[in-house]
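Given the coordinates of chain D, assemble chains H, S and B onto it according to the supplied hints.
Protein chains in written order, with my numbering: chain D, 1 to 270; chain H, 1 to 270; chain S, 1 to 270; chain B, 1 to 270.
It should be emphasised that the hints constitute simulated quantities derived from the structure, not laboratory data.
All values reported here derive from a predicted model rather than from experimental measurement.
Note that the Cβ used here is the ideal one computed from N, Cα and C, for glycine as well.
Some clues are possibly wrong.
Facing chain S, a subset of chain B residues (Cβ under 10 Å, in silico) [said to hold, decoys possible]:
hint, residue
1, 66
2, 68
3, 69
4, 90
5, 120
6, 121
7, 126
8, 128
9, 132
10, 134
11, 143
12, 153
13, 156
14, 158
15, 160
4 protein chains.
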Amino acid sequence: MKNLKLTALSETHRRTVILVGDIRIGEDFVVIAGPCAVESESQTIKTALAVKAAGGNMLRGGAFKPRTSPYAFQGLGLKGLKILEKAKKETGLPVVTEVLDSRDVSWICEYIDVLQIGARNMQNFSLLKEVGKSNKPVLLKRGMYSTLEEWLNCAEYILSEGNPNVILCERGIRTFETYTRNTLDLSIVPSVKETTHLPIFVDPSHGTGKLSLIEPMSLAAVAAGADGLVIEVHINPAEAMSDKDQQLTPEMFQSLMAKVEKVRSCLAEL
Amino acid sequence: MKNLKLTALSETHRRTVILVGDIRIGEDFVVIAGPCAVESESQTIKTALAVKAAGGNMLRGGAFKPRTSPYAFQGLGLKGLKILEKAKKETGLPVVTEVLDSRDVSWICEYIDVLQIGARNMQNFSLLKEVGKSNKPVLLKRGMYSTLEEWLNCAEYILSEGNPNVILCERGIRTFETYTRNTLDLSIVPSVKETTHLPIFVDPSHGTGKLSLIEPMSLAAVAAGADGLVIEVHINPAEAMSDKDQQLTPEMFQSLMAKVEKVRSCLAEL
Amino acid sequence: MKNLKLTALSETHRRTVILVGDIRIGEDFVVIAGPCAVESESQTIKTALAVKAAGGNMLRGGAFKPRTSPYAFQGLGLKGLKILEKAKKETGLPVVTEVLDSRDVSWICEYIDVLQIGARNMQNFSLLKEVGKSNKPVLLKRGMYSTLEEWLNCAEYILSEGNPNVILCERGIRTFETYTRNTLDLSIVPSVKETTHLPIFVDPSHGTGKLSLIEPMSLAAVAAGADGLVIEVHINPAEAMSDKDQQLTPEMFQSLMAKVEKVRSCLAEL
Amino acid sequence: MKNLKLTALSETHRRTVILVGDIRIGEDFVVIAGPCAVESESQTIKTALAVKAAGGNMLRGGAFKPRTSPYAFQGLGLKGLKILEKAKKETGLPVVTEVLDSRDVSWICEYIDVLQIGARNMQNFSLLKEVGKSNKPVLLKRGMYSTLEEWLNCAEYILSEGNPNVILCERGIRTFETYTRNTLDLSIVPSVKETTHLPIFVDPSHGTGKLSLIEPMSLAAVAAGADGLVIEVHINPAEAMSDKDQQLTPEMFQSLMAKVEKVRSCLAEL
Chain D
1 MKNLKLTALS ETHRRTVILV GDIRIGEDFV VIAGPCAVES ESQTIKTALA
51 VKAAGGNMLR GGAFKPRTSP YAFQGLGLKG LKILEKAKKE TGLPVVTEVL
101 DSRDVSWICE YIDVLQIGAR NMQNFSLLKE VGKSNKPVLL KRGMYSTLEE
151 WLNCAEYILS EGNPNVILCE RGIRTFETYT RNTLDLSIVP SVKETTHLPI
201 FVDPSHGTGK LSLIEPMSLA AVAAGADGLV IEVHINPAEA MSDKDQQLTP
251 EMFQSLMAKV EKVRSCLAEL
Chain H
1 MKNLKLTALS ETHRRTVILV GDIRIGEDFV VIAGPCAVES ESQTIKTALA
51 VKAAGGNMLR GGAFKPRTSP YAFQGLGLKG LKILEKAKKE TGLPVVTEVL
101 DSRDVSWICE YIDVLQIGAR NMQNFSLLKE VGKSNKPVLL KRGMYSTLEE
151 WLNCAEYILS EGNPNVILCE RGIRTFETYT RNTLDLSIVP SVKETTHLPI
201 FVDPSHGTGK LSLIEPMSLA AVAAGADGLV IEVHINPAEA MSDKDQQLTP
251 EMFQSLMAKV EKVRSCLAEL
Chain S
1 MKNLKLTALS ETHRRTVILV GDIRIGEDFV VIAGPCAVES ESQTIKTALA
51 VKAAGGNMLR GGAFKPRTSP YAFQGLGLKG LKILEKAKKE TGLPVVTEVL
101 DSRDVSWICE YIDVLQIGAR NMQNFSLLKE VGKSNKPVLL KRGMYSTLEE
151 WLNCAEYILS EGNPNVILCE RGIRTFETYT RNTLDLSIVP SVKETTHLPI
201 FVDPSHGTGK LSLIEPMSLA AVAAGADGLV IEVHINPAEA MSDKDQQLTP
251 EMFQSLMAKV EKVRSCLAEL
Chain B
1 MKNLKLTALS ETHRRTVILV GDIRIGEDFV VIAGPCAVES ESQTIKTALA
51 VKAAGGNMLR GGAFKPRTSP YAFQGLGLKG LKILEKAKKE TGLPVVTEVL
101 DSRDVSWICE YIDVLQIGAR NMQNFSLLKE VGKSNKPVLL KRGMYSTLEE
151 WLNCAEYILS EGNPNVILCE RGIRTFETYT RNTLDLSIVP SVKETTHLPI
201 FVDPSHGTGK LSLIEPMSLA AVAAGADGLV IEVHINPAEA MSDKDQQLTP
251 EMFQSLMAKV EKVRSCLAEL
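One chain only, chain D, in its complex shape (with noise of 0.2 Å):
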């Protein structure tokens, strides 16, 4: 990292804080919670009410979703952004929402509050910039190839052009393990906090893509020192039209929250 010259890396002494409504990325913890994809709007805004009344700090919801196959559910579009803007009236809740196309970035920036850039698109250069010449914060994912250099770049991608907003957000590697669908690389988070003054946020859900894992690697996310979560929680897994197997119930976030909250409280005091 010696002949990096980042943006990311010069401000050494202060961390980034990002302001979305009245929470403060980077320096409360915050959790985003929601489901892979918007279905519908009853589907959206009764997982939304129940991430808000676990504690969920934010609402995540895929409108375009970018699925390995092209006969795969594509997401509803503008109709998803416009079910997610509903949840977010009904429950306060801010709304992060992946965006896939250069094209899209202004009028997605009409309907939600921080743009997400997902792991097959994390060197997508053209896409980066256009979210860099944004208003919007950057929830930026690890792409599953992708060594801390590479994706320090890519954030500087964003505040190049002007976008000090960038959350990293670590979604699991790819190795050569089977048993979980990515190898969530904790070791990142403290790399992040060592290296750069941005917010870095973990994704257990897609970092596993097992159910049993996720609250395990939530915590230990917090114990290394993570600034947040992205967790995927939908109202009715079994009916998901995607990521069935690694979205939590309400209840299970709600078990999950407690926990979180118990932990953090106590890494608090050291």
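Same frame as chain D, but now just chains H, S and B:
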């Protein structure tokens, strides 16, 4: 691959042949060569003439460069495309160039013969759909973390939009090995041949990142059954603005072409 | 894992508890600490006293070192074992040491309490069978390329010879990331817990290879549910003969132990 | 590789030639073929005769099998060695067999011509030292997670004990790709050639794990500059006790040998 229902897999008895001028990709053995980036008219045309003289069939050259860092040379853009157009006029070689942004597809098509999707954009599904709507053949590089199945699904994104002319290109995957820049996976060549009807090329320049390995790996690719090669050649590699260490001189390229031809004719007799 | 018929998997309701002196591995939380290599009596005993003072439960130290190069320090051998024996007398700490050769198992058992199989020998099946015939507990490190299923099969090699006392230990897998020495896979902790009855430890020293990451990853391992930690501590890391950059000073270890204890007690309340 | 001081690297002008009977490994192109495991006298001798008839130069066959599971067939042991000895008498083919335990090296040497160190034991340093003390050539397979530098250091463990006769053998590394059993890294062939004076073989049977890929990858290995091949052949693959899906029939092997010969003679003219 059993659950994969792809257009790419369906016509098992007939292999795809793609016409570019009078070149029959998938039937003729085709070598695409040229500089990493279009840097100037002189550099590009001199290189193109050398490629032509050595028996290369098509010219490659980047006008839009997907660089790891936002501060690295990003390519000449439109000016680069115009230089490629001139190089084509001078040499008669059809040109291949990479497209990075879905907004650029239609106008780039005015200048070039084959669109390239780079490894970093393999799962940029918006871009795949857009080139799928164009009338140009698409050279689809394998992502550095991509399984065969994921790659074929990306080809399917293009095919399913109505563009049947997809050329797959192996360019090395990411592993733990550090001696080479990437690990060139030649077993993907017969694997692609036995699962699809699409042509498969190999790029040993990016695949190894090492000058000394390009020739042996080119010959190995031919022996493995590749339909063509993509080779970086620069009129003066020492002064190249990118990929200094993996661009062949015209002399090296000429020597390589003679050996490739020899191995090909020998294999044709098997 | 469906076709796996392992002793390691069979008794799903009762977790293995391994007695070492009055330590109950699998029930008590256990910290094994000490130098990478036994270098001298003074270095080892001073370190052992520091480990004991900070609350460490067992002493580790290599007498036989599996070094990448044949020209690197290979360990003190028998002399090292005798030093470990003295350190045990001085401190009361049971000792763990690595065995490299099936011929050495029986006589090494005269000096130590727990045999370690290192990552490079995880699939040295002769050695596994030999330690399976011994009456000492075995700390079996995960190979740097090993899936969960392969690792459990290696445990089974030991169990099937009649030795039920196997402790699994995650120590980082090999990936493309170069910022850390290995990628510590903490999701293996709950994965082991849900598939076997064996205790699972974590070694953040080898797992990260970076001094600054050992503390956060230790806390994360605790939060993920680990039964214990293996930590490299050296009385004077700057003069260590191996692993200079990942051995904690006694002061750092003391600070780590206090935080680990705090997180553990907090988790016990969940 | 700059800091590597290896005997393996030192004599840059003269390549190692290893005599086995009248075969000159490193100078002649050599094909080692035979069953995964020695299962019976009849199976082994029939296969050996077929290997001989097709032009194979040496016989391979496992008497000690390093199986993932302790409950899988572990090989015939001494009985297997005696069968290999008979097969040698019948055919005149020198035999290669794997050794798993340092205690077995000296007596196994009574029965065979070349000792094999398998991928799983590449860093079993005790075993490397032991075969380094023997007077037999050693076929050292690359570990499935091993960098070139680590592999050469393992060769050095053998060379530094006084045995100069090391044959390196690429057999596939572990990556995320699941279509093939391993990823055969052919770029290691010219990489070994340019950094050492040792012969380099390729094993496409384990390297791909897929019958249909063995022939194209054998030809590619030849074109990449390999000094020899290791191929699994079984008189009746359907009834093999291991590696059913990657052992060639005698007919397939004969066809392969004819093509290999053709490509070799063509390359000799380059």
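Consistency of the hints with the structure:
Of the supplied interface hints, the one on residue 66 (chain B) holds, with its beta-carbon coming within about 5 Å of a beta-carbon of chain S, less than 10 Å. Interface hint status for residue 68 (chain B): upheld, as the beta-carbon distance to the closest one in chain S is roughly 5 Å, under 10 Å. Proximity of residue 69 (chain B) to chain S holds as hinted, the smallest CB-CB distance being about 5 Å (cut-off 10 Å). With a cut of 10 Å, the hint placing residue 90 (chain B) at the interface with chain S is violated, because the nearest CB-to-CB distance is about 30 Å.
Look at residue 120 (chain B): its Cβ gets to within about 4 Å of chain S, closer than 10 Å, so that hint holds up. Here the hint on residue 121 (chain B) is kept, as its CB sits about 6 Å from the closest CB of chain S, short of 10 Å. About 4 Å separates the beta-carbon of residue 126 (chain B) from the nearest beta-carbon of chain S, less than 10 Å, and the hint is met. Because the closest C-beta pair between residue 128 (chain B) and chain S is about 8 Å apart, less than 10 Å, the hint holds.
Taken as an interface hint, residue 132 (chain B) checks out: its beta carbon lies about 9 Å from the nearest beta carbon of chain S, inside 10 Å. Restraint check, residue 134 (chain B) versus chain S: the minimum CB separation of about 16 Å is more than 10 Å; hint violated. Annotation: interface hint on residue 143 (chain B) holds; nearest CB of chain S at approximately 8 Å, less than 10 Å. Among the interface hints, the one on residue 153 (chain B) holds; its C-beta lies about 5 Å from the nearest C-beta in chain S, closer than the 10 Å criterion.
Evaluation of the residue 156 (chain B) hint against chain S yields a held restraint, the C-beta minimum of about 5 Å falling below 10 Å. This hint holds: residue 158 (chain B) has a C-beta 9 Å from the nearest C-beta of chain S, less than the 10 Å allowed. For residue 160 (chain B), the interface hint holds, the least distance from its beta-carbon to any beta-carbon of chain S being 5 Å, beneath 10 Å.
Comparing the model with each earlier hint shows violations of hints 4, 10; every other hint is respected.
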